[in-house]
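> Take a look at the letters that make up each chain.
2 protein chains.
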Amino acid sequence: MLKETQQQAPHHVVIVGGGFGGLYAAQTLAKAPVKVTLIDKRNFHVFQPLLYQVATGGLSAGDISSPIRAVLNRQKNTEVLMGEVTSIDTKEQKVMLRHREINYDSLIVATGVSHQYFGNDDWAQKAPGLKTVEDALEIRRRIFIAFESAEKETDPEKRKAWLTFVLVGGGPAGVELAGALGELAHGTLKEDFRNIDTSEARIILLQSPDRILPTYPPKLSAKAQADLEKLGVTVQTGARVTNIDNNVATVRRGDVVEEIQARTILWAAGMKASGMAKVLAESGGAELDRGGRVMVTPEFKVPGHENVFVIGDLANYSHQDGKPLPGVAPAAMQSGQYVGRLIKAKLKGETIRPFHYLDWGSLAVIGKHAAVVDFGFIRLSGFLAWIVWMFIHVFYLIEFDNQLIVMIQWAWSYFTRSKGARLITTPGEQPVIMLDDDLNCDTCNYGQQTHRA
Amino acid sequence: MLKETQQQAPHHVVIVGGGFGGLYAAQTLAKAPVKVTLIDKRNFHVFQPLLYQVATGGLSAGDISSPIRAVLNRQKNTEVLMGEVTSIDTKEQKVMLRHREINYDSLIVATGVSHQYFGNDDWAQKAPGLKTVEDALEIRRRIFIAFESAEKETDPEKRKAWLTFVLVGGGPAGVELAGALGELAHGTLKEDFRNIDTSEARIILLQSPDRILPTYPPKLSAKAQADLEKLGVTVQTGARVTNIDNNVATVRRGDVVEEIQARTILWAAGMKASGMAKVLAESGGAELDRGGRVMVTPEFKVPGHENVFVIGDLANYSHQDGKPLPGVAPAAMQSGQYVGRLIKAKLKGETIRPFHYLDWGSLAVIGKHAAVVDFGFIRLSGFLAWIVWMFIHVFYLIEFDNQLIVMIQWAWSYFTRSKGARLITTPGEQPVIMLDDDLNCDTCNYGQQTHRA
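Chains A and B are the protein sequences, given in the same order.
Residues in the first sequence are numbered from 1 upward in steps of one, following our numbering.
Residues in the second sequence are numbered from 1001 upward in steps of one, following our numbering.
No lab work stands behind these hints: they were computed from the structure.
Among the hints, a few may not be true.
[To be verified] Subject to a maximum C-alpha distance of 25 Å in a straight line, what follows is the list of computed BS3-like cross-link-like pairs (lysine-lysine):
(1) A/94 to B/1152
(2) B/1348 to B/1031
(3) A/41 to B/1301
(4) B/1091 to B/1301
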């Protein structure tokens, strides 16, 4: 049983993670007689489904981010804390930060997942994934540096390598990134260069299963592939990446092994639970699945713990149809809302109906004129699907001004090809100069912080 | 005399720098029978007058930036090159990049200025200035980390230091930054925190002369100071900074020396010419003024060189009324246009009227309800001045979609206090975690790249 609320100290709900799951859990508890503390490493919530737009210069990071404090500032029972949880003591009911402990009555862990490189962690540097705003800015930098470098390169082979983009993983993330890249090369950037034809860029999407978007109906996979090919993307299914080196991806398809020379290799495959799953396993005896996600009860509890919940991507919730819930925003939102309502009900001694995931369907966008949508009862592709995709994504942007701005950016770029946010900014505190030899050298790894100021 | 245009090789104008001066020079040459090459270290033009909005979370970097290629892509005689000029050979008429030389017939240098620390270059790390997009993101990070840290700090003295912001320099840049900070602390952030009252933040603007905005009429200086004080800014005139250490600014006013404990110290004083001035002095024998700017003829030429021009901030042009042209965007634009027209005319064997700087007046904004405007024939302050300031700034944003977006952001934040772009992002390629001890430690310099991933 949950602890009773006392007059002086209300029931304290600690939420770790300010993504869709954590934020929706907090908002569900807005008017409950509880104290809520939301802890996140970052000061902002990010609308992950549109991160690829930041990575390809269509939107600014600020357009898809909302300060967590601002989102929750009217919720007087809620405190936001920027910090990192290092461990959890489920016996003493407290979470530990670097210099501080926080006691909880109920704990909700919602720290999500990131990519995994299947044991090849050294690939992360050579083929970055797209999970954070910093990832997006780094990928944006690599993409636009590649075009700049190709423009200056006189050796045809080297130029070809600059104009080759390899994407690993044909799920929604890889498909959307490939579509956006195709559109950049064949549309947005077409008039910008004098020495290269950007539409000669090769964009290669590698997918290990036999079709892209394998969780969608086969017909939509085929439609998505056709749409990608129209944008100049080469889709290789049944293609397994066996090695990634600086500027070379080694790919095996059946018995054929190919080495692709590419200065830009991006990763959109695999899934690895965040570090909090291990913390829960060590402290709370939680059981983890192969991806490291936490196995939870039908009420999203860690088995054996009445007051420790795991929601969103980090949970392996297989009670609805035997398959884990998909790692998408609606599943995170719904699990957050459910756990919030559950805590409220228990405090009142009430019960609520069991969790039922309402599948809103699947969406993926391919460039700015096409998408595929699977609502179960209706399947769309092409322009109509794109319109649906756009409205749904804008609708779920947390802040109204972001909604407005993203709508305008899209409307504008739809008619003009303009993409204003394609800045090459450089990591590091000092203004960093992109030197010529950074652009042209063969061996230097321009992704590392070796720039000179 | 300029070289004659030949049938096969048109007159080649090389422009170094894609700021207001370089961009306007390039655009003036759009339809001339010349070949233009614009070289910049960055791939984007930045609207510097609004950088402080990025630094205070009001706008995203992308909102005030335009890809140089996109701005010039319809100008078929123009090529854009991302790279850095390392030296110039005025005899052979060529500029050198790392791995490449480019011959010119006419050369226009427009690389601007940055801050100077009056011989204390080690202060740059402790009190960053605001000249580049990276500067703005770093300052934004420091400002919002300060509030986050104050929220967590329990020691009153340390909390006070986190909530103390010192700005050095009372010119337009310092005044606008101070106003935006005042507005953040007293408006935007007011509801966001639970343990601190952000309106207790001390914002101290240090100005060495006896009034802020010394190039404006004294009445407007007084009005600006009053407006700043309404936003909670403390203005100290006649205050000289004698030392800056980690978190301590030492200030002398007359005989009184004060040490101000402040975790955030920002620099908006001094002016130092970019490195290209020295290059011109060495190669072309250019004479430099005390700030390192290049002394130019009435036609913006380096004396002794018929085909080498210096425009914008980098030039010391004192032919109009004995004083150098002010380092503002309109002066850079006008000098760029003039030199463009001059080159066109000379190629036709024509002459044009001597350069005459048209002073559009001076503007500075103080928070979102007040500004001071000096058009010479009319002087405004308060809300009306703010409206004028807003329209002028939006009008000169290079791209139309940027104009629209900035207008909406301002209109929205005007009515709601919302500021969506207050992200704390961290330098470095890996997603960097803001650890608790980064927030709380006394001695660590969180500005340096010592974060752990």
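> It remains to establish, for every hint, whether it holds in the given structure.
Cross-check of the supplied hints:
A distance of roughly 18 Å separates the Cα atoms of residue 94 of chain A and residue 1152 of chain B; the hinted pair therefore holds under the 25 Å criterion. Annotation: proposed proximity of residue 1348 of chain B to residue 1031 of chain B holds, straight-line Cα distance about 13 Å (limit 25 Å). Distance hint between residue 41 of chain A and residue 1301 of chain B is unfulfilled; the C-alpha atoms sit about 54 Å from each other, more than 25 Å. With a C-alpha separation of about 15 Å, the suggested pair residue 1091 of chain B and residue 1301 of chain B falls inside the 25 Å cut-off, and the hint holds.
The structure does not agree with numbered hint 3 stated previously, though it agrees with all others.
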